[in-house]
Structure formats: structure tokens, C-alpha cells
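Student: Here is what each chain is made of, one letter per residue.
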Amino acid sequence: EADIYQTPRYLVIGTGKKITLECSQTMGHDKMYWYQQDPGMELHLIHYSYGVNSTEKGDLSSESTVSRIRTEHFPLTLESARPSHTSQYLCASSESLGEAYGYTFGSGTRLTVV
Amino acid sequence: KQEVTQIPAALSVPEGENLVLNCSFTDSAIYNLQWFRQDPGKGLTSLLLIQSSQREQTSGRLNASLDKSSGRSTLYIAASQPGDSATYLCAVGDSGTYKYIFGTGTRLKVLA
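Taken in sequence, the protein lines are chains V and R.
If you read the first sequence in this note's numbering, its first letter stands for residue 595, the second for the next number, and so on.
If you read the second sequence in this note's numbering, its first letter stands for residue 19, the second for the next number, and so on.
This is chain R alone, in the form it adopts within the complex (with noise of 0.2 Å):
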């Protein structure tokens, strides 16, 4: 059964810095990989998708990378903003049940 991790659970990081946040799987039969944003009490905003044959994808500040061998994505975000903050959540879409496995997410905050 596809589990997905995101570690770590919550960041609190100063404003500029540059940031990686980490989603491992343990089945690496996925057939894409998309990184969302929540913003508290809100809906899932789409940051970035990874097609299984990519190994990354970029857009502005954010770049996304993709090791299916290893089972294993991480979204960087450079030059970290206030705004920033919210919750990072990574899914999975699972080759045997073609359905989206969402990890737990990262809860990121940015102090000015």
C-alpha cells in the first residue's frame, strides 16, 4: 500500500532564507507527483505537477524534483517571503489504483 511522508512536519524559518521541503513514498509505481499549498481553513492551491518521466519542474521561486527510484521529491523554495506561509502538502498518483495518496504535509512558517 502507497504511504506518503513529508518531513519535516512544521519549519519556522527568517525571511530570504531558502528551504527545502521533503515527500518520500514508499511504492515508486506513480505515474506523476504534484505539490500543493493550503492556506489555513482554504482549499488545496496546485504549486507544481511532475510527470513520472520528469525530473523536475520550476515556476518563478519554486522548483520541484523528482527520484522515483529512491521514492523520494523535494520542493525548494528560494528566497523565502512572509507570504509563503502555509501548508506544503505532496501527492502521489498511485500506478495500481490510479488514485492521489496526499502526505501529511509541512506546516512552514516565515517570520519577517
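This is chain V alone, in the form it adopts within the complex (with noise of 0.2 Å):
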């Protein structure tokens, strides 16, 4: 049973709309990450928090913005969607940093901007 839930599952979207990805933890875990992954390519962080009101932006350059209002929840915006935009968005979370703590994934929302 899945502890990182991520929604929608799948998003196909008109250009210049706004969109939120939702991701929400119920494990309490401090660190929460947001990877892009296009089809058959690696993970790019683009989006980390450490904490509530912490966000930090991540190796790979993004127009989302990320919020951190509460531990449980990491939503990810997109003011104004674009055809380059269509990915994969996985979000993961980890109990801290250190040798015991690895991720846990999401499922992932595939968005398709048309």
C-alpha cells in the first residue's frame, strides 16, 4: 500500500492553462523531492523541500513553483502549461538524510500538454 499518493494519474491539458500536481505523504517525512522523467530518460530533480515553508529548487532549470505549507502535503504548479511541458512528474519523500533513510516513490502523474 502506497504511503506517497500523487494525483492526478494522468493529465491531458490544454496550452496555457494552470495546473497543480498534487503530492501528499502520510509517513510525516520531513524531506519531499519533485523528479521530471521523459519516456525512457533519467530522473531530474527539479524541486526539493526540506521542511514547512522550505523549498529549493533542484538541477534541472523548471517554470513550476512548488508550496510547503504543511509536512504531509507538495504540490507543484504550473501557471501556464506549454506542449514542452509533457513528462512524467514523480514525487518522492525521505524521514531525513543519512545512511538508513532511502526514498519512497509516488506512482507518478503523466501530463500531456496539448
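Don't read these hints as lab results, they were simulated from the structure.
A virtual CB, placed ideally from N, CA and C, is assigned to each residue, including glycine.
Any given hint might turn out to be false.
[Stated by the list, open to error] Straight-line alpha carbon distances no greater than 16 Å define the calculated EDC-like cross-link-like pairs of lysine to aspartate or glutamate that follow:
(1) R/LYS117 with V/GLU693
(2) R/LYS117 with V/ASP632
(3) R/LYS60 with V/ASP632
(4) R/LYS117 with V/ASP653
[What the hints assert, rightly or not] Computed, partial: chain V to chain R, Cβ under 10 Å:
(5) GLY610
(6) TYR629
(7) GLN631
(8) GLY634
(9) HIS638
(10) GLU657
(11) CYS685
(12) LEU691
(13) GLY692
(14) ALA694
(15) TYR695
(16) TYR697
(17) PHE699
(18) ARG704
(19) VAL707
Put the complex together from the two separate chains, hints included.
Tutor: Okay, structure coming up:
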């Protein structure tokens, strides 16, 4: 049973629309992450958060924004979707940073912008 | 800058074979290494996590080893089954940045 939930699972939307991808976790993890992955390609970190009211940009530049108002919730927003935003977006969380702590991923949101 | 490479990029084997997937990283300053499985169009499922102080971890038919000094990890899958077909990703927890760096994956197909 997944402890990190992403909605929607699939989204097809027109150019220029504002969208929010939801990510919630029930594990009380402080650390949360957003990755972008094109089909057959590697994962790229686009945003991360180490706690409430803390957000940072990742290694891959993205036009999206994130917020972390509650520990369990880390939504990603695109103000004006474009076809170049078509990709899979994966959310992950981790209890802490350190040897014993790994990542737990959600099922992903596959976004298509037409 | 930490780089993670996985070889081979793709692998096709008959059912029942034992197989080894390789992961190499350029900087030995890691705090752990995690192996994941990804089915097409899905998220990542954690398989094994090896702490930097450990040499190997086992779960069922899977065994992962870690050699930090040589910058390598292997994932051993015993008696492969068609249900093992997926992409396998390794990720290293980089001690310098405290970020996970992912490899590009090995796409495995097990033929019935």
C-alpha cells in the first residue's frame, strides 16, 4: 500500500492552462522531492523541500513552482502549461538524510499538454 | 560532480537465468545506495537500500552488494522470472550535496 499519493495519475490539458499536481504523504517525512522524467530517460530533480516553508530549486531548471505549507503536502504548479512541459512527474519523500534513510516514490503523474 | 552509470543499458534473458546488473559511481563519498524497480509509465519501487557502512543486502531473490572504494554496486537477481521485466535504477546518496543521483537504468526483459 502506497504511503505517498500523487493525483491525478494522468492529465491531458490545453496550452496556457494553469495546473497543479498534488503529492501527499502519510509518513510524516520532512524531506520531499519532485522529479521530472521523459520516457526512457533519467530522472531529473526539479524541486525539493526539507521542511515546512522550505523549498529549493533542483538541478534541472523548471518553470514550475512548489509550496510546502504542511508537512504532508507538496504540490507542484505550472501557471501556463506548454507542450514542452509534457513529461512524467514523480514525487518522493524521505524521513531524513543519512545512511539508513531512502526514498519512497509515488506512482507519478503523466502530463500531456496539447 | 557525482556521476552514476549503469551497464548494460538493456538486457534480454530467458526465464530462469541468474543475472547481474551493474552500477558505478565516480565519487566514493556516498552515504547510501538504493536500488529501484520501475515498470513502464509507473513510479519507482524501492528494492534494496545499502548503507555506506554495509557491504550487501538481500531480499528474496535479490542481492545487492556495495564496494565504495571501487565505486561499484551490483544487483544480483536469482532465477529470473517474466515478472522481473522492468527498468532497474540505482541511486547514490551523495555525501557532498546530500542529494540522490540516479543512474540511467538497465531495461530488463525476461523471456518466458
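Student: Now, for every hint given, state plainly whether the structure supports it.
Tutor: Now the hints, each set against the structure:
1. R/LYS117 with V/GLU693: 12 Å, holds
2. R/LYS117 with V/ASP632: Roughly 20 Å separates the two Cα atoms, so the pair is violated.
3. R/LYS60 with V/ASP632: Distance ~12 Å between R/LYS60 and V/ASP632 Cα, so the pair holds.
4. R/LYS117 with V/ASP653: Between R/LYS117 and V/ASP653 the Cα gap is close to 10 Å, so the pair holds against 16 Å.
5. GLY610: 26 Å, violated
6. TYR629: 8 Å, holds
7. GLN631: 9 Å, holds
8. GLY634: Since the shortest Cβ distance to chain R is 8 Å, the answer is holds.
9. HIS638: 9 Å, holds
10. GLU657: Interface hint status for V/GLU657: violated (21 Å vs cutoff 10 Å).
11. CYS685: Since the shortest Cβ distance to chain R is 8 Å, the answer is holds.
12. LEU691: 5 Å, holds
13. GLY692: Holds - the Cβ of V/GLY692 comes within 10 Å of chain R, reaching about 6 Å at its closest.
14. ALA694: Holds: closest Cβ of chain R sits about 6 Å from V/ALA694, inside 10 Å.
15. TYR695: 8 Å, holds
16. TYR697: Result: holds, 6 Å to nearest chain R Cβ.
17. PHE699: 4 Å, holds
18. ARG704: 6 Å, holds
19. VAL707: 17 Å, violated
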